[in-house]
Amino acid sequence: MPECWGHRGASATFPENTLASFEAAIRDGAEGIESDVHVSVDDVVVMFHDPSVDRVTDGTGLIRERLWHGEGGLQQLRTVKEPKQPLATFEETINMLMRPENQHVKFNVDVKVQNKPAHLFRLMHNIISSQPEWETALAPRILLGLWHPSFLPHAKAHLPYCRRSYIGQDIAVARKYFWDSCDVFSIKFSTLAMADGAKFRKDCKQAGKRVMAWTVNDPEHMVEAVRWGIDVIITDTTKTWLDLRSALKVDYDKIAAQHSRMFYWTTLEFYTPIQFVSRRRDHSYLEGYAGPFRKIDSTEVTRVASIVSAAEA
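Residue numbers (this note's numbering): 19 to 331.
No false leads were slipped in.
Taking lysine-lysine and the DSS-like style, the derived pairs with C-alpha atoms no more than 27 Å apart in a straight line are:
#: 1; residue 1: Lys124; residue 2: Lys267
#: 2; residue 1: Lys220; residue 2: Lys194
#: 3; residue 1: Lys124; residue 2: Lys134
#: 4; residue 1: Lys124; residue 2: Lys227
#: 5; residue 1: Lys313; residue 2: Lys223
#: 6; residue 1: Lys220; residue 2: Lys124
#: 7; residue 1: Lys124; residue 2: Lys223
#: 8; residue 1: Lys267; residue 2: Lys257
#: 9; residue 1: Lys99; residue 2: Lys257
#: 10; residue 1: Lys124; residue 2: Lys99
#: 11; residue 1: Lys227; residue 2: Lys194
Label pairs and their computed distance ranges (CB to CB):
#: 12; residue 1: Tyr282; residue 2: Glu83; range: 39 to 45 Å
#: 13; residue 1: Ser302; residue 2: Glu153; range: 37 to 43 Å
#: 14; residue 1: Tyr282; residue 2: His137; range: 41 to 47 Å
#: 15; residue 1: Ser148; residue 2: Tyr282; range: 43 to 49 Å
#: 16; residue 1: Val98; residue 2: Thr290; range: 35 to 41 Å
#: 17; residue 1: Glu238; residue 2: Glu151; range: 38 to 44 Å
#: 18; residue 1: Val268; residue 2: Arg82; range: 47 to 53 Å
#: 19; residue 1: Glu153; residue 2: Arg193; range: 28 to 34 Å
#: 20; residue 1: Ser148; residue 2: Ala213; range: 43 to 49 Å
Hint data in this document are derived by calculation from the structure and do not stem from the laboratory. By construction, the Cβ of each residue, glycine as well, lies at the ideal position given by its N, Cα and C atoms.
Produce the entire structure from the sequences given, and follow the hints as far as they go.
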């Protein structure tokens, strides 16, 4: 059965990307949590999905243009959704994961393309490496999720001990730019449903690479992901998937038969033209922030690693 990883925590019931949401997912029984990162002006790594705080908090403005500390800082904001919560930082999240009762929980860090990778990864390394026994108790649990290939050399140089995943909805991009550098692929559920998605799932299994599907909230989609042999379901509704998973373990045939596959024909996102438009829009958005997609060779990785080594010396 696929593992359960809370998308921005248990975000269907708690404000997304907050400690309360992360803790709720863990209480539900999730094996992992997923969250996003941005960096404030004063170099605080903030767990937040959007570049700006407008959508989900009582504040406004881009995170990269705002201070965390001080009067009017980001730390004073609260979520709009109840129960109102403060924003969480990467350091606070790591501290939570290092509690004895949470040391089984994995952490998928979704690296948003608005970040400067060298700067972000350096800040993350400083926080990770400050923890006791971090190399054995923490680093193996962290998965870096990358959308753009230009982030790869920086991830390898600054956080070589972290596993890496491709995040996206384009199988061709996953194969061309990320296959050799990632052992996990976090793919949009509807993409995995298509013919090239089915072939990709098969190839990943043969190569020993893990596949994560996002964001899977519908029980019918959850059961379909089980049929596919997906390794991880990323969901807002952690309790829904965990309860369904328990039921499937008791009587798989009976429970699976109760969930229709009609969504393939009744939902627009499973139609090829819709997926094509979505991929093109996504690709243009990513290139707008991080430049054209290009293959990263070993020379570039070595160059970045040497710069990191020189800076540390």
